[in-house]
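Chains as they are written, first to last, in this note's numbering: chain A, 19 to 468; chain B, 19 to 468.
By construction, these hints were calculated from the structure, which means they are not laboratory data. No false leads were mixed into what you were given.
Where chains are identical, the list cannot tell them apart; a pair therefore holds if satisfied intra-copy or between any two copies.
Distance condition first, Cα-Cα at most 27 Å in a straight line; then the derived DSS-like pairs of lysine-lysine:
1) Lys81 - Lys69
2) Lys43 - Lys69
3) Lys43 - Lys368
4) Lys368 - Lys69
5) Lys433 - Lys368
6) Lys81 - Lys215
Protein chains: 2
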Amino acid sequence: MNDNTQREENTLIIDRLHESLSADKPDIARELLMQMHPSEIADVLESLPLKAREAIWCLINPKLEGDVLSELHDTVRAELLEQMQPQEVVEVTRDLDTDDVADIIQGLPEEIQDSVLRSMDEQNRQRLASVLSYPEDTAGRMMNTDVISVRADVSLDVVMRYLRLLGQIPENTDNLMVVDRENNYLGILALANVLIKDPESSVGENMTGETGIPAQTPANEVAKIFEQRDLVSAAVVDEKNILLGRITVDDVVDVIQEEADYTLRSMAGVTDEDMFTPVLWSVRRRVAWLCINLATASLAAWVVGRFQETIAQLVILAVLMPIVANMGGVAGSQTLTITIRGIALGQLSKSNTRSLLLKEIGVALLNGLVLAAVVTLIAIAGFDQPKLGLIVGLAMVLNLFTASLAGTLIPLGLKHFGIDPAVAGGMLLTTVTDAVGFFTFLGLATLLLV
Amino acid sequence: MNDNTQREENTLIIDRLHESLSADKPDIARELLMQMHPSEIADVLESLPLKAREAIWCLINPKLEGDVLSELHDTVRAELLEQMQPQEVVEVTRDLDTDDVADIIQGLPEEIQDSVLRSMDEQNRQRLASVLSYPEDTAGRMMNTDVISVRADVSLDVVMRYLRLLGQIPENTDNLMVVDRENNYLGILALANVLIKDPESSVGENMTGETGIPAQTPANEVAKIFEQRDLVSAAVVDEKNILLGRITVDDVVDVIQEEADYTLRSMAGVTDEDMFTPVLWSVRRRVAWLCINLATASLAAWVVGRFQETIAQLVILAVLMPIVANMGGVAGSQTLTITIRGIALGQLSKSNTRSLLLKEIGVALLNGLVLAAVVTLIAIAGFDQPKLGLIVGLAMVLNLFTASLAGTLIPLGLKHFGIDPAVAGGMLLTTVTDAVGFFTFLGLATLLLV
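Chain A with its partners taken away, still in its complex shape:
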């Protein structure tokens, strides 16, 4: 989130591209694009409105188009692909990794998918079909099929001659995969070992036994395995332990970023949107979220409605009630964030839920007392209203207590029912803290003041 030169540079380039487009000087734009890396171009495309995106797309070096496409977010990519002829799609995907091709063509109409598949040779078609047979966001869909496998009984010298024959080694190859005659996965041979170990020794003597990642493994679990083991690449196997391909760390980095981005966006109800999603799409996507909120906010308003008589007698209550509700919401979202994070990291289990709950209740009560003291002091010193101050303070303590319960139990409950706590947690929480905040404050006032 910090300022920094890279991002500053990015925004400068965006400004200059804009200028050259609006001044109708495509040559300058083309020259700017020439100096950029495919993923930088993808970044810039995402930062432009739809029309400018199409103008820029025509200026990109055709050789880079495939790489740029594979770096784009799904929705932006879909927009650009819609404008392309089947033959163009075939051209563009020709030199990409299998997992990137799978990513690109999955969203296309079936006839274009077929053209792309038909244009491939038999081996590549089979590989792509194998990747496409796994659901999105699984290890099978993340894998590349460009894996180099060797057998355990050959010597390192033979491996080295084999690699020379191949003439090139795929990017991010830190390990060769060791298999038996039936292509069962056995483990890895570090490329470094081929270089430094005795050429007469066998692969088996220098390999490390490993279990492969099953193709059905969810993408976020793959990310966790990479992170925990500091991997650069890992083998993907089917249910019979047959080697299918490998996952490389660059794809894992993308998964981690997408997951963080997804959490951030889903908490606000704007998943699938970027800065220049067309207005009508945005409206369609956000209005459902706003309508649900209208319903939950009405619930809180209904609580206030029960106390109209009290308010009519003492209008100052209407002035102060939003403060009590608001503080509960803020304190609750602190607890909620800690809990959602614990769930996401797999750190929250049956045995420590109680400790967390007790701790959060303790924090809430102490914070509540501090705030109640502050509020009461202000009420006495500033407004000469000690009783009112005490009631606000007491209601705040009760609402903060409720907030700590809701902030812990709502996400756990949602998870129990298989609902993503990041999506619905915040809204449910504010409903509870608003309703309880209004109820405790107006209820106490009715009992003690009116």
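Got chain A; can you put chain B on it based on the hints?
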């Protein structure tokens, strides 16, 4: 955020560790820990209350202690280090990478830092001092000094013999670094090329020219470079282009995760906290945030206070006003999330701010009209209050319009003044939408109803 077996397993292990501790069966706990990877142990430690953490720490295989420490979050690590003798710290850090040692000892009192430094040999001490001389969260602090460098004029055959002599190649070495006689960084030689290219050809013929990452580069920019270029490792250089060390992708993955985590936590005002931060620490950290919120919430309440007369005449206004304020807050946080994300990705620049603003205003007005229609219909059909419904609807349109302005301009303004929009943006936004929501609704009601 999805359920999955890895996390389920994690929580199962946590439960079993808990059981074995409370049943006073340390042997079972020790056995469980034996099967775990250092980063899994770190995960489990973070998911336990402080006391249990210390009990588990004593059971960990001493050889793994250093690796576990380097995987822990700063605050949890600091707690454990506090309990250790200087000599223990020396033991624990002996076999770690320079960047990990730097991470661990930076938080220690100076006398312990000195003992650790004194216990190292001259070369390692100098390396550590070089890493420690750069600020936290820069490339210099992330780098390892275990880099293998070769000169451009030697043959691949010589390189291969040199690697054999070394006997081992550091983890995550995909490239050798090419330097001249003065250790100026020139570019990279892929390890794969040493294997497959003509042994008689020179390093210079097979290398790729690259510029190194300056040591002062911020960590999040380093992450962006790795992500954009799909790197496994990259050279770090000083201002004179002298090769200092290298950064590997495993450290970059940590930076990406920490940054996402930081954004999530700072939006709720709970940075530096985890599930089992002691109650008093949590209170100290959260109460400041809550007090600022008390002040901003009071501002909104002050607005309501200006309309006490109106409310006294028509109490139903007090019932409906939270709905208008709430909807503005929710819609505004959608715009805010899109804007903060655009800033973080470096996609928001002078030239496209206007397009974003116009788009968000358009979305707000359309959403506002839809919601106003819904509210008016409900008011007519359900409560026979067409005029009140219209006023709620109109106030909502105005507040959603305000929310779209605030959601775009607040984060841009904060960024302009060097403040992280993720930290203060949400709070400022709700202050604006609450105040404006109350003002427009009660103001309109005063004009048209009373």
